[in-house]
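Residue-level listing of the chains:
There are 2 protein chains.
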Amino acid sequence: MAPPSQCFDAMHGAANDGAATVPAAAAGTPQCPNVLDADVFRRQGHQVIDFIAEYYGGMGEYPVHPSVTPGFLRNALPKDAPSRPEPDAFGSALRDVRDLILPGMTHWQSPRHFAHFPASSSTVGALGEALIAGINVVPFTWAASPAATELEMVVVDWLGKALHLPESLLFAGGGGGTLLGTSCEAILCALVAARDKKLAEIGERRIGDLVVYCSDQTHFAFRKAARIAGILRDHCRAIHTCREDMFALSPTELQAAMQADVDAGLVPLFLCATVGTTQTTAVDPIGKLCAVASSHGVWVHVDAAYAGSALVCPEFRHVIEGVESVDSFSMNAHKWLLANNDCCAMWVKKPSELIAALGTEQEYILKDAASEGHDVVDYKDWTMTLTRRFRALKMWLVLRCYGVDGLRDHIRSHVRMAEAFEDMVRADERFEVVTERQFALVCFRLRSPEKFGGEKTANELNRGLLEEVNAVGSGPYMSSANVGGIYMLRCAVGSTLTEEHHVADAWKVVQDRASVILRKMEIIYSVLG
Amino acid sequence: MAPPSQCFDAMHGAANDGAATVPAAAAGTPQCPNVLDADVFRRQGHQVIDFIAEYYGGMGEYPVHPSVTPGFLRNALPKDAPSRPEPDAFGSALRDVRDLILPGMTHWQSPRHFAHFPASSSTVGALGEALIAGINVVPFTWAASPAATELEMVVVDWLGKALHLPESLLFAGGGGGTLLGTSCEAILCALVAARDKKLAEIGERRIGDLVVYCSDQTHFAFRKAARIAGILRDHCRAIHTCREDMFALSPTELQAAMQADVDAGLVPLFLCATVGTTQTTAVDPIGKLCAVASSHGVWVHVDAAYAGSALVCPEFRHVIEGVESVDSFSMNAHKWLLANNDCCAMWVKKPSELIAALGTEQEYILKDAASEGHDVVDYKDWTMTLTRRFRALKMWLVLRCYGVDGLRDHIRSHVRMAEAFEDMVRADERFEVVTERQFALVCFRLRSPEKFGGEKTANELNRGLLEEVNAVGSGPYMSSANVGGIYMLRCAVGSTLTEEHHVADAWKVVQDRASVILRKMEIIYSVLG
Numbered sequence: 001m002a003p004p005s006q007c008f009d010a011m012h013g014a015a016n017d018g019a020a021t022v023p024a025a026a027a028g029t030p031q032c033p034n035v036l037d038a039d040v041f042r043r044q045g046h047q048v049i050d051f052i053a054e055y056y057g058g059m060g061e062y063p064v065h066p067s068v069t070p071g072f073l074r075n076a077l078p079k080d081a082p083s084r085p086e087p088d089a090f091g092s093a094l095r096d097v098r099d100l101i102l103p104g105m106t107h108w109q110s111p112r113h114f115a116h117f118p119a120s121s122s123t124v125g126a127l128g129e130a131l132i133a134g135i136n137v138v139p140f141t142w143a144a145s146p147a148a149t150e151l152e153m154v155v156v157d158w159l160g161k162a163l164h165l166p167e168s169l170l171f172a173g174g175g176g177g178t179l180l181g182t183s184c185e186a187i188l189c190a191l192v193a194a195r196d197k198k199l200a201e202i203g204e205r206r207i208g209d210l211v212v213y214c215s216d217q218t219h220f221a222f223r224k225a226a227r228i229a230g231i232l233r234d235h236c237r238a239i240h241t242c243r244e245d246m247f248a249l250s251p252t253e254l255q256a257a258m259q260a261d262v263d264a265g266l267v268p269l270f271l272c273a274t275v276g277t278t279q280t281t282a283v284d285p286i287g288k289l290c291a292v293a294s295s296h297g298v299w300v301h302v303d304a305a306y307a308g309s310a311l312v313c314p315e316f317r318h319v320i321e322g323v324e325s326v327d328s329f330s331m332n333a334h335k336w337l338l339a340n341n342d343c344c345a346m347w348v349k350k351p352s353e354l355i356a357a358l359g360t361e362q363e364y365i366l367k368d369a370a371s372e373g374h375d376v377v378d379y380k381d382w383t384m385t386l387t388r389r390f391r392a393l394k395m396w397l398v399l400r401c402y403g404v405d406g407l408r409d410h411i412r413s414h415v416r417m418a419e420a421f422e423d424m425v426r427a428d429e430r431f432e433v434v435t436e437r438q439f440a441l442v443c444f445r446l447r448s449p450e451k452f453g454g455e456k457t458a459n460e461l462n463r464g465l466l467e468e469v470n471a472v473g474s475g476p477y478m479s480s481a482n483v484g485g486i487y488m489l490r491c492a493v494g495s496t497l498t499e500e501h502h503v504a505d506a507w508k509v510v511q512d513r514a515s516v517i518l519r520k521m522e523i524i525y526s527v528l529g
Numbered sequence: 001m002a003p004p005s006q007c008f009d010a011m012h013g014a015a016n017d018g019a020a021t022v023p024a025a026a027a028g029t030p031q032c033p034n035v036l037d038a039d040v041f042r043r044q045g046h047q048v049i050d051f052i053a054e055y056y057g058g059m060g061e062y063p064v065h066p067s068v069t070p071g072f073l074r075n076a077l078p079k080d081a082p083s084r085p086e087p088d089a090f091g092s093a094l095r096d097v098r099d100l101i102l103p104g105m106t107h108w109q110s111p112r113h114f115a116h117f118p119a120s121s122s123t124v125g126a127l128g129e130a131l132i133a134g135i136n137v138v139p140f141t142w143a144a145s146p147a148a149t150e151l152e153m154v155v156v157d158w159l160g161k162a163l164h165l166p167e168s169l170l171f172a173g174g175g176g177g178t179l180l181g182t183s184c185e186a187i188l189c190a191l192v193a194a195r196d197k198k199l200a201e202i203g204e205r206r207i208g209d210l211v212v213y214c215s216d217q218t219h220f221a222f223r224k225a226a227r228i229a230g231i232l233r234d235h236c237r238a239i240h241t242c243r244e245d246m247f248a249l250s251p252t253e254l255q256a257a258m259q260a261d262v263d264a265g266l267v268p269l270f271l272c273a274t275v276g277t278t279q280t281t282a283v284d285p286i287g288k289l290c291a292v293a294s295s296h297g298v299w300v301h302v303d304a305a306y307a308g309s310a311l312v313c314p315e316f317r318h319v320i321e322g323v324e325s326v327d328s329f330s331m332n333a334h335k336w337l338l339a340n341n342d343c344c345a346m347w348v349k350k351p352s353e354l355i356a357a358l359g360t361e362q363e364y365i366l367k368d369a370a371s372e373g374h375d376v377v378d379y380k381d382w383t384m385t386l387t388r389r390f391r392a393l394k395m396w397l398v399l400r401c402y403g404v405d406g407l408r409d410h411i412r413s414h415v416r417m418a419e420a421f422e423d424m425v426r427a428d429e430r431f432e433v434v435t436e437r438q439f440a441l442v443c444f445r446l447r448s449p450e451k452f453g454g455e456k457t458a459n460e461l462n463r464g465l466l467e468e469v470n471a472v473g474s475g476p477y478m479s480s481a482n483v484g485g486i487y488m489l490r491c492a493v494g495s496t497l498t499e500e501h502h503v504a505d506a507w508k509v510v511q512d513r514a515s516v517i518l519r520k521m522e523i524i525y526s527v528l529g
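Chains as they are written, first to last, in UniProt numbering: chain A, 1 to 529; chain B, 1 to 529.
Hints in this document: simulated from the structure, not taken from any laboratory. Misleading hints may appear alongside valid ones.
[To be verified] Below are the SDA-like pairs computed for lysine to any residue, each with C-alpha atoms no more than 25 Å apart in a straight line:
| no. | chain 1 | residue 1 | chain 2 | residue 2 |
| --- | --- | --- | --- | --- |
| 1 | B | Lys197 | B | Ala257 |
| 2 | B | Lys349 | A | Leu73 |
| 3 | B | Lys197 | A | Asp234 |
Could you put the whole structure together from the sequences, leaning on the hints where they help?
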């Protein structure tokens, strides 16, 4: 094994950009074993762990969202990668991460990050990722890493049971699941499986007759998936929802839309129902929607990207009533279940339908003699990608180390904090809670006083409020929704580090900024008469 | 902050599966701040680093591929996740990884892993992943983490320049790149962009007339992508290649195929050319293929998943001659460029065409006041997924810490070892090198003696040889190809830990097993007459 110094010299050899063949000097250089040397790894690894620990320890000090303008980092970095690493390049790079990069990040792990949905973190989730990257296998078939495939099969059943999913979606009940990167992938895979199943019945050429359904609240990932899968752009029905229904998809409206398409000679294909929409966490009534869909031979997928994590608590089981009838189901454990980015679990009732659409058979893929005659799972046939990460290890560690009860405590603590926030909003009559809180998201807005224009100016008023709230460096970071013409602020409690006092402080900032805005308007109003 | 013991108690609270509402006891439990506590992270993190370092240190001791049968792990694990974690759950889980899981893995990082293509690892790549997971942001828009988006823009330009890509594919030249998980995603994104551009010209309804092209050596990822994108199954032309052309796609054959489709009223859409095919690392002649494609208005994508890494060495620049004319290009830095799984870089000449197909506009996505009026990149619009990982940080660390020269040394050391292996094969007249080595893959086979049936039995003979080679616990692990009816063994040098003696030992095992097989055949032959 070449000593590190030799290796360092090799790395500092002259660049050979103009050469057309391997230069003689390079041909004689030793390979660089220290690139994966155990001792180097240990030394650098401990540096990284301390770095992250310090980041967590000081998280509360960062403004959640940086005050930077486009180009701030691009312009600060060299235009080319270095030819040769500087001395102690790793240490120096870590310093740059601390001094140049972190100050320009939006800190999703900040206890004051209430925007979007959470990017759930835990020590075990983060370290599970580290372990995955260290072991670095590519379990695209059973043979390509048997333990990785088997652990994935075990863990999707564990997770499915923990979330109270029906046995028909689990391996234990003839279905099965897999761990992907994102819900976008899960929805696309399910849609392609449904499409190919339908086209096998009616003929491939009729792809232009297929129609898919969702609500106007469904995440745009679905429209994107439909587009990718070749569904005509105007064959994606985003059915209107209303405030009285809490923005849930109406089975009656769905039935009407499907019937109209059938009457027009089109073919209803797929329904993407949502449990916990992105804007307001609306819950589509799965059971009733399935009844409508099944009468038209339509595949039903449930996207529970965010709210799926809450199903670990039995008190939320009711939100998926009727789930026994769905064809596929997905949720992001990286959103709210302590599994760091990325980890989307997808289950299907009939894996064979996924495989029919996405499966491939190639001789050059090694089969293992041990697996012959066995019906092993080759996950490459379940999804759109061949290369995959060993996400099961992370999810298994999370379930193992926190336990189902620990995950319930985690979810419930956020729900309680959101309840507390909601109570504070309701207690201030200048504000209103726009849609009933269902999980740990509170959608609220400042009422616009009649004398300032009332409903007509409400959206503008709240846009201004959000901007002001987010501009307070030490304050919370929230996002917005615009549903049924109503602009509202979203406070999504879910960062692992968030504690009750962060929620109380966040509310205080909102109140203060609202007071300032209202006072300003008062002055303008009095001046302008 | 609750002390760990309190938190531990909370996690050990009774399960509440039957309850329909939050039980009063749970409502009173504290949240569990130690789930992301800096000190806990530090302690567990150092455990994980030591664990991985020990794994690297002892890597040579594992058989590359385990002797296990399907169900070995599923049957060994409980059917349900634990309700409550056991004491020291993390330590105990790590012991299970060591004792139950690692023995059932295929060790892609073993210095004796010569199968498939490598899953390139480095300390910096692995720790880059750890850092990404620790920081855990979701940079789907510029505003969602400005530094993450900007670093990605910087690093794809750094990488593109290091790989000698034309400026037109870089941000610096009006194009641009992004970091995805896999080539499957890259190919699909490019194909959907091309498809929507074409359909905008000819009308969406003509999706059934579109035809895509590749060779019979192209990775099945392309056929899968075409299927996902709604291209009719029999509209994917896998053009025949032959041994005389080193299994490269022939521009003449391509022209004939495209013309035939045009004559039949169909619409040529997309060519997926490969630089370094999966089976034998064949190189399609990009420049000439582009000339053919452009005369039919066809989008050309280059899939350089494996060989793209070699482009860091100027002596390989010639394999992408003509690349200035392509529309998009992708390579997997996780295959051979020290960036651990996953990291696929994709570049396009016209980002606006990607965005036209995959872009979405939603008010609820936070816009940053700072970015208004600026033409910021929102990577969610470049790909099929919304959630994405901060892969740029890893790739930046790899380029920064090893330097372009270091990466060249890394590639060249593998190429030299593959050359050495090739020389050894050629020196044993019982064997032949089937296709000229181009990078660090050697495709070879044992010649079948005439008296044993010659060519007629050659494939069977080599299948047997591979099985025997891979069955030697302390030996190499290789895979196979079957091209033009010829079954061959593949020895892909690329594991970071591989040194010259591993390659020499691997060859010795192959020779030994061949001798045994030939001797056995000799006996059978003499007995049977």
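Please work out if Lys349 of chain B and Leu73 of chain A have their alpha carbons no farther apart than 25 Å.
23 Å, holds
Check whether the Cα positions of Lys197 of chain B and Asp234 of chain A lie no farther apart than 25 Å.
Holds, at about 17 Å.
Between Lys197 of chain B and Ala257 of chain B, is the straight-line Cα distance small enough, at 25 Å or below?
22 Å, holds
Going through the hint list in order, the structure satisfies each hint without exception.
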